[in-house]
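Going by UniProt numbering, the residue at position 244 of the sequence shown is 244; the numbering climbs one at a time, nothing skipped.
One thing to keep in mind: the hints can contain errors.
As the list claims (entries may be wrong) - Label pairs and their in silico Cβ distance ranges:
1) V257 x S363: 23 to 29 Å
2) T221 x G97: 32 to 38 Å
3) M141 x V74: 38 to 44 Å
4) T221 x R94: 29 to 35 Å
5) D286 x H336: 19 to 25 Å
6) D108 x D329: 31 to 37 Å
7) S288 x S183: 28 to 34 Å
8) S223 x D337: 46 to 52 Å
9) D200 x N388: 33 to 39 Å
10) R142 x T221: 33 to 39 Å
11) R289 x D368: 23 to 29 Å
As the list claims (entries may be wrong) - Listed below are the simulated EDC-like cross-link pairs for lysine to aspartate or glutamate, each with C-alpha atoms no more than 16 Å apart in a straight line:
12) K311 x D298
13) K137 x E121
14) K309 x D298
15) K243 x E126
16) K384 x D244
17) K323 x D369
18) K123 x D204
19) K238 x E121
20) K345 x E266
21) K345 x D298
22) K210 x D368
23) K151 x D369
24) K151 x D200
25) K345 x E308
26) K243 x D108
27) K323 x E121
28) K151 x D108
29) K151 x D368
30) K151 x E199
31) K238 x E258
32) K123 x D200
33) K345 x E242
34) K146 x D108
35) K323 x D108
36) K210 x E199
37) K210 x D200
No lab work stands behind these hints, which were simulated from the structure alone.
Don't be surprised by glycine CBs; every beta carbon is placed ideally from N, CA and C.
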Amino acid sequence: MKHFRKKKDEGEQPYAGQAADDGAPQDSGISGDAGADFFDLPSDQVADHKPSGIVVAENLSLKLKPLLKTLVPVVVAGVLIAGIALVWPSSTARMPGLAGRTLTEAMDAARVAGFVPCVNEWKYSERHSDGIVLAQKPGAMRTVKKGASVKMTVSKGPRPEEGLAPGENVSEQPKETPAGPYSGTCICVDAGNQLSPGEDEWSDPGMTRKNSPEDQIRGVTSSNPEYSINLDIAMKLKNLLEKDGMKVVMTRESNDVELSNVNRAEIANNARADLFLRIHCGSSTDSSRQGVETLYPDRNNWTQSFYEKSKAAALFIQAELLKTCGAEDLGAVVNHDLSAFNWSKTPVAQAEPGLLSNPRDDSLLSQDDFRWKVAWGLRNGIVKYLANH
1 MKHFRKKKDE GEQPYAGQAA DDGAPQDSGI SGDAGADFFD LPSDQVADHK PSGIVVAENL
61 SLKLKPLLKT LVPVVVAGVL IAGIALVWPS STARMPGLAG RTLTEAMDAA RVAGFVPCVN
121 EWKYSERHSD GIVLAQKPGA MRTVKKGASV KMTVSKGPRP EEGLAPGENV SEQPKETPAG
181 PYSGTCICVD AGNQLSPGED EWSDPGMTRK NSPEDQIRGV TSSNPEYSIN LDIAMKLKNL
241 LEKDGMKVVM TRESNDVELS NVNRAEIANN ARADLFLRIH CGSSTDSSRQ GVETLYPDRN
301 NWTQSFYEKS KAAALFIQAE LLKTCGAEDL GAVVNHDLSA FNWSKTPVAQ AEPGLLSNPR
361 DDSLLSQDDF RWKVAWGLRN GIVKYLANH
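Generate coordinates for the entire structure from the input sequences, incorporating the hints supplied.
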């Protein structure tokens with residue numbers, strides 16, 4: 001290939017890229033064999049030609065694998081921490097509002113929220129019926145550690161007797177104040193069993209046969225003794241009945257006693273009780289058997305006079321226990337050989353709100369709020385019985 005250049009006139013300066021000497025050829029920028037090689041290449045190889053001595057920049061690839069190895073674990077750990085923070089159960093919760101609810105509803109709401117409900121005080125109230133929660137501590141909507149106790153003040157209903165109105169003369173006070181609906185009513189409550197085992201005793205006044213002492217039953221999983229559970233429920237029931245204005249006679253108020261079933265029946269007889277209510281827990285060789293059962297005496301020579309009332313009391317109590325406890329219905333069942341039944345001279349029934357041989361019933365009877373439900377069911381059943389007899 002030849003380089004063409006303009007012929008310059010005399011005195012004209014050479015233009016850029018033109019040698020000062022007319023006789024010298026213009027430098028192509030490619031020298032030696034490299035220049036010859038370049039110009040001898042076929043046209044389809046020119047673009048890829050790399051002359052020696054000239055550095056051509058290469059495409060640089062980013063090395064991402066080491067970076068990803070570092071970033072991926074960090075991202076995964078962050079996602080896991082965020083997920084755990086969202087789903088991990090909190091150790092605190094907001095206290096639900098319990099005031100205005102029935103005691104049973106309030107206890108259920110407190111338990112669902114993770115708290116332990118208990119009745120701290122009973123108060124008369126002119127505005128609220130009995131069994132309505134008046135106040136609570138801690139208060140509603142407070143953030144409290146789960147498992148904490150919530151103490152409730154519960155209404156006993158209006159006072160059975162009203163004082164004088166303001167300005168009323170003392171001499172105008174009536175000699176007899178109006179009696180409550182249950183004034184003069186006496187209920188004998190028997191917390192079954194005791195710490196020390198009893199002795200054999202006659203099944204009835206006719207001395208038909210000797211009955212063995214009642215078994216000392218314990219919870220299949222909790223190992224709680226029956227006599228302790230029975231007494232706790234009995235004392236709760238006493239509290240409820242007394243606030244209704246009833247007189248309550250207890251066969252025992254401690255576990256360290258020595259009372260036969262005949263002795264217990266005699267306590268009810270001497271008190272001339274309107275109802276003799278025995279509280280026991282059931283047991284069975286079939287551990288799957290569970291639920292609530294209420295016993296009443298068979299009709300015989302010793303129970304003839306109060307058989308019908310005893311049966312009615314058992315039916316009312318069984319129905320109310322099912323409402324408050326939500327347990328399986330084992331029915332109101334007749335029994336002919338209990339000494340306390342046959343030696344009684346007053347209507348008698350025996351409530352068994354669960355079987356300690358069943359893990360579920362044992363667990364329920366271990367809970368204070370469930371025992372309150374039992375007490376309320378017993379109280380409601382007694383009230384229904386009294387209203388109909």
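Hints and how they fare:
The given range of 23 to 29 Å is respected by V257 and S363, whose C-beta atoms sit roughly 28 Å from each other. Take T221 and G97: their Cβ atoms lie about 34 Å apart, and the range 32 to 38 Å holds. For the hinted restraint 38 to 44 Å between M141 and V74, the CB-CB distance of approximately 39 Å keeps it satisfied. Checked against the given bound of 29 to 35 Å, the beta carbons of T221 and R94, roughly 32 Å apart, stay inside it.
Hint check: D286 to H336, Cβ distance near 22 Å, so the stated range 19 to 25 Å holds. Distance hint check: the CB atoms of D108 and D329 are about 20 Å apart, inconsistent with the given range 31 to 37 Å. For the hinted restraint 28 to 34 Å between S288 and S183, the CB-CB distance of approximately 46 Å leaves it violated. Between S223 and D337 the Cβ separation comes to about 29 Å, which falls outside the hinted range of 46 to 52 Å.
The given range of 33 to 39 Å is respected by D200 and N388, whose C-beta atoms sit roughly 38 Å from each other. The given range of 33 to 39 Å is respected by R142 and T221, whose C-beta atoms sit roughly 34 Å from each other. A hinted range of 23 to 29 Å for the beta carbons of R289 and D368 is consistent with their spacing of about 24 Å. Between the alpha carbons of K311 and D298 the distance comes to roughly 9 Å, so the proposed pair stays at or under 16 Å and holds.
Between the alpha carbons of K137 and E121 the distance comes to roughly 11 Å, so the proposed pair stays at or under 16 Å and holds. Restraint check for K309 and D298: the C-alpha separation of about 12 Å stays at or below 16 Å, so the hint holds. Only pairs whose Cα atoms come within 16 Å are accepted, and K243 paired with E126 is accepted, the gap being roughly 14 Å. Straight-line distance between C-alpha atoms of K384 and D244 comes to about 13 Å, which keeps the hinted pair within the 16 Å bound.
The hinted pair formed by K323 and D369 meets the criterion: a straight-line CA distance of about 15 Å does not exceed 16 Å. Of the pairs offered as hints, the one joining K123 and D204 is violated, with about 44 Å between alpha carbons and a cut-off of 16 Å exceeded. Straight-line distance between C-alpha atoms of K238 and E121 comes to about 14 Å, which keeps the hinted pair within the 16 Å bound. A threshold of 16 Å between alpha carbons decides the hint, and for K345 with E266 the separation of about 8 Å falls inside it, so the pair holds.
For the given pair, K345 sits about 14 Å from D298 by alpha-carbon distance, which is consistent with the 16 Å threshold. Under the criterion of a C-alpha separation no larger than 16 Å, the hint pairing K210 with D368 is inconsistent with the structure, at around 36 Å. Note on K151 and D369: the hinted pairing holds, with a Cα-Cα distance of about 12 Å set against a maximum of 16 Å. Between the alpha carbons of K151 and D200 the distance comes to roughly 44 Å, so the proposed pair goes past 16 Å and is violated.
Our distance criterion of 16 Å between C-alpha atoms is met by K345 and E308, whose separation comes to about 13 Å. With a C-alpha separation of about 23 Å, the suggested pair K243 and D108 falls outside the 16 Å cut-off, and the hint is violated. A threshold of 16 Å between alpha carbons decides the hint, and for K323 with E121 the separation of about 24 Å lies outside it, so the pair is violated. At most 16 Å may separate the alpha-carbon atoms for a hinted pair to count; K151 and D108 meet this at roughly 14 Å.
Distance check on the hinted pair: K151 and D368 sit about 13 Å apart at the alpha-carbon level, within 16 Å; holds. Using a Cα cut-off of 16 Å, the hinted pair K151 and E199 is violated, with the two alpha carbons roughly 42 Å apart. Restraint check for K238 and E258: not satisfied, since their Cα atoms lie roughly 21 Å apart, outside the 16 Å limit. With a C-alpha separation of about 45 Å, the suggested pairing of K123 with D200 is violated against the 16 Å cut-off.
Only pairs whose Cα atoms come within 16 Å are accepted, and K345 paired with E242 is rejected, the gap being roughly 23 Å. At roughly 15 Å between alpha-carbon atoms, K146 and D108 fall within 16 Å of each other, so this suggested pair holds. At most 16 Å may separate the alpha-carbon atoms for a hinted pair to count; K323 and D108 meet this at roughly 14 Å. Distance restraint check for K210 and E199: the Cα-Cα separation of roughly 10 Å lies within the 16 Å cut-off, and the hinted pair is therefore satisfied.
A C-alpha spacing of about 6 Å is found between K210 and D200, which places the hinted pair at or below 16 Å, so the restraint holds.
Going down the numbered hints, you'll see the structure goes against 6, 7, 8, 18, 22, 24, 26, 27, 30, 31, 32 and 33, while the others check out.
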